[in-house]
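Full structure from sequences and hints, please.
First residue of the sequence shown? That's 29 in the working numbering, and the numbers climb one at a time after it.
Treat the hints as calculated values from the structure; they're not laboratory data.
Remember, it's a predicted structure, so these values are computed and weren't measured experimentally.
Any given hint might turn out to be false.
[As the list claims (entries may be wrong)] If you anchor each label on the Cβ, the simulated ranges turn out as follows:
| hint | residue 1 | residue 2 | range |
| --- | --- | --- | --- |
| 1 | G202 | V598 | 52 to 58 angstroms |
| 2 | L522 | A664 | 49 to 55 angstroms |
| 3 | R399 | C648 | 19 to 25 angstroms |
| 4 | A645 | Q341 | 31 to 37 angstroms |
| 5 | Q341 | F254 | 22 to 28 angstroms |
Positions of the beta carbon are idealized from the N, C-alpha and C atoms, including for glycine.
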Amino acid sequence: MAAWLRRLCAGDAWLDMYGRLLRTKPLGSMAPGGHDLTELAAGEGAGLARVLTTLDLVSLGVGSCVGTGMYVVAGLVAKTVAGPGVILSFIIAAAASILSGVCYAEFGVRVPKTTGSAYTYSYVTVGEFVAFFIGWNLILEYLIGTAAGASALSNMFDSLANHSISNYMITHLGTLRGLGKGEDTYPDLLALFIALLVTIIITLGVRNSVGFNNVLNLVNMVVWIFIIIAGLFFLSAHNWSGGRFLPFGWSGVMKGAATCFYAFIGFDIIATTGEEAQSPNTSIPYAITASLLACLTAYLSVSVVLTLMVPYQLIDGAAPLMEMFSLHGFLWGKYVVAVGGVAGLTVSLLGSLFPLPRVLYAMARDGLLFRCLSHVSALTHTPAVACALSGGLAAVLALLVSLADLIEMMSIGTLLAYTLVSVCVLLLRYQPDDLADAAPPPPHATAAGPTPDETKDDRALIAEDEPPSYHEGGGAAGEGHRSDFHAPLLRRLLGGRYYTLRLRLGMPDAAARPTPASGRVVTRCTLLLFVVSFLLWSTVIFGVEQGSGAGAALAAVAAALMAASLARLVVAILRQPESARKLPYMAPCVPFVPVAAILVNSYLMLKLSALTWARFAVWCVAGLLIYGGYGMWHSALELDARQQQAHASCYQRYDDQLDDQDQDQDQDQDQDEAPYQGWAAPEERRGHQGAPAVEARDAADRPDGYQAGSGGRRVDGAGGAGGRTNYGFDDED
29 MAAWLRRLCA
39 GDAWLDMYGR
49 LLRTKPLGSM
59 APGGHDLTEL
69 AAGEGAGLAR
79 VLTTLDLVSL
89 GVGSCVGTGM
99 YVVAGLVAKT
109 VAGPGVILSF
119 IIAAAASILS
129 GVCYAEFGVR
139 VPKTTGSAYT
149 YSYVTVGEFV
159 AFFIGWNLIL
169 EYLIGTAAGA
179 SALSNMFDSL
189 ANHSISNYMI
199 THLGTLRGLG
209 KGEDTYPDLL
219 ALFIALLVTI
229 IITLGVRNSV
239 GFNNVLNLVN
249 MVVWIFIIIA
259 GLFFLSAHNW
269 SGGRFLPFGW
279 SGVMKGAATC
289 FYAFIGFDII
299 ATTGEEAQSP
309 NTSIPYAITA
319 SLLACLTAYL
329 SVSVVLTLMV
339 PYQLIDGAAP
349 LMEMFSLHGF
359 LWGKYVVAVG
369 GVAGLTVSLL
379 GSLFPLPRVL
389 YAMARDGLLF
399 RCLSHVSALT
409 HTPAVACALS
419 GGLAAVLALL
429 VSLADLIEMM
439 SIGTLLAYTL
449 VSVCVLLLRY
459 QPDDLADAAP
469 PPPHATAAGP
479 TPDETKDDRA
489 LIAEDEPPSY
499 HEGGGAAGEG
509 HRSDFHAPLL
519 RRLLGGRYYT
529 LRLRLGMPDA
539 AARPTPASGR
549 VVTRCTLLLF
559 VVSFLLWSTV
569 IFGVEQGSGA
579 GAALAAVAAA
589 LMAASLARLV
599 VAILRQPESA
609 RKLPYMAPCV
619 PFVPVAAILV
629 NSYLMLKLSA
639 LTWARFAVWC
649 VAGLLIYGGY
659 GMWHSALELD
669 ARQQQAHASC
679 YQRYDDQLDD
689 QDQDQDQDQD
699 QDEAPYQGWA
709 APEERRGHQG
719 APAVEARDAA
729 DRPDGYQAGS
739 GGRRVDGAGG
749 AGGRTNYGFD
759 DED
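Take a look at the structure:
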């Protein structure tokens with residue numbers, strides 16, 4: 029008996045921990061009126077005006093990406109990793125960025141407020157632990173981006189001074205060994221000063237205004253055109269001939285793509301301007317896509333000119349575009365490029381540091397980080413403590429770590445954050461949702477509902493567009509049909525064989541709606557896909573590419589089996605009904621686009637060096653210690669749950685005289701009317717606090733649909749999990 033009680037208590041403790049990890053922030057807390065940096069205090073007027081156009085947002089995205097990517101990354105990757113094959117590296121990195129970008133855009137339009145970027149989106153829709161992990165990696169992205177921008181500006185000024193600055197520091201301060209990949213580096217005091225100066229500007233409330241950003245981008249564009257035209261007079265096809273185009277092979281190209289992904293980081297700053305955009309639901313997705321394409325055009329053209337002007341061995345890793353003109357004796361061109369480099373790197377530096385305090389502020393306001401970081405200065409209306417901490421850490425990194433190591437380490441954190449965003453989009457598309465299942469009425473419908481003739485006409489239109497249902501019981505007749513974003517393209521390509529393919533794959537009919545059981549299937553398949561993708565690429569990279577003989581053959585067989593498993597998981601996801609919820613923007617070709625993003629990003633992550641993975645592991649362990657030791661127990665949801673539990677215990681003493689029969693009836697009624705509480709299983713914690721299980725089929729038969737918003741019933745008690753709890757990982761069907 030005692031052993032059974034111990035197992036029961038251990039099971040309750042696990043369920044309590046489980047609920048804490050997957051609880052979500054109520055959507056109602058994101059409504060206007062919540063405390064946010066973009067809203068002024070009471071009596072100070074309205075918040076930020078919606079004045080940003082799509083062109084302004086594109087300018088923000090391009091300015092955040094192009095600076096360091098064009099003036100530093102292109103030459104660095106060409107010299108050390110890929111040679112002229114850096115052109116292919118940029119194309120592969122751009123494809124990965126676009127796949128992640130469309131998922132990011134859909135993730136953004138699901139939540140009305142954007143402070144904290146993907147951290148806020150995931151906290152509202154997926155769960156607290158995933159949100160913390162995404163936010164922790166975004167901090168790494170912006171922190172290292174700021175340090176890299178300061179280091180790149182320092183290198184550019186050093187190049188303009190004919191390396192006299194670095195020589196002076198090496199002579200008087202010496203070198204430090206082991207901070208990079210074991211090579212000697214010098215303490216970059218100039219980068220430290222630049223990072224601190226930008227921190228002071230951000231702390232004083234001087235925002236990176238759109239006008240200032242547009243002017244610097246215009247200067248950068250003029251210099252880019254100058255580079256292309258002037259470089260045409262110094263091109264030599266000899267630099268690409270005789271095997272010089274891929275001196276490091278395709279392995280170098282893929283490794284370079286992992287580093288080049290850094291050059292496309294920054295488009296997520298567009299999502300943080302949602303409350304200032306005139307039409308955020310349409311402007312943000314289009315601006316993200318347009319900025320990525322504009323950056324790709326700039327990177328490809330500059331890489332072609334650079335590698336045709338200078339042999340890849342002679343490229344200067346610190347300031348490649350400036351030194352390529354010096355190598356040909358065109359000093360006037362060097363100083364023109366320097367003007368564009370200062371403008372581009374300044375915008376990138378401001379773009380990296382500006383969102384960092386906002387992420388820290390959002391996480392500290394929710395209690396996941398130390399609450400002192402959420403202090404907002406009454407004078408400048410900025411999170412002064414968060415600004416000082418982030419700027420100080422970035423300055424220390426810029427002082428001690430080399431630019432090459434900063435760029436490589438930044439890529440891994442962002443790749444993982446964007447991979448998790450793709451996972452979240454894939455999960456949310458196939459989960460029950462009250463807003464998804466409630467299709468909007470047609471414009472001609474009256475308050476009393478459509479007339480019989482209208483209903484008949486609607487059914488006739490559906491019948492013309494869709495074949496008869498392939499599955500019985502997929503949904504009620506006349507529920508309307510679901511939007512399949514990949515269907516129009518497949519219909520054009522396959523014609524009449526499209527419906528045969530649907531039948532053979534077992535895809536649901538148009539009227540089918542997600543159920544808790546189908547949501548659990550997608551959750552498990554997505555998590556398995558995430559894990560198997562890393563195992564697959566690990567086998568390919570370390571077994572097939574780097575192996576030989578029988579070991580490589582055995583690794584190839586194992587990789588083929590894992591690839592087949594991935595295909596089966598994708599088919600299993602396709603067989604589940606998709607949510608009918610309509611969003612202003614939705615990622616196309618789901619589940620194929622999120623799956624492709626997961627596969628590409630995981631491959632690029634594994635192409636990074638082992639030292640980068642070691643540093644990243646240290647960063648993740650530090651984050652887990654902070655969350656486990658502080659954030660989990662001090663989050664706003666945890667404190668709210670404890671308060672609710674205290675109130676419940678106070679009211680309980682007055683309920684002792686209630687009739688047992690009435691109490692049982694009330695409990696039964698609560699169980700019958702309880703809405704769906706998350707993006708997976710509907711059942712209550714089986715055996716926990718004496719509550720019986722609610723079967724999925726009973727929940728599916730309820731007329732009130734599924735609830736995914738803040739109206740879901742709160743689960744209190746020893747677990748202390750406020751808000752909603754997502755039971756997506758529940759093994760119990």
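Structure-based check of all given hints:
Look at G202 against V598: about 56 angstroms separates their beta carbons, and that is inside 52 to 58 angstroms. Checked against the hint of 49 to 55 angstroms, the C-beta distance between L522 and A664 comes to roughly 50 angstroms, which is consistent with it. For the hinted restraint 19 to 25 angstroms between R399 and C648, the CB-CB distance of approximately 23 angstroms keeps it satisfied. The hinted window of 31 to 37 angstroms between A645 and Q341 holds, with their beta carbons roughly 33 angstroms apart.
Between Q341 and F254 the CB atoms are about 26 angstroms apart, so this pair conforms to the stated range of 22 to 28 angstroms.
Figure legend: structure checked against the earlier numbered hints; every hint is met.
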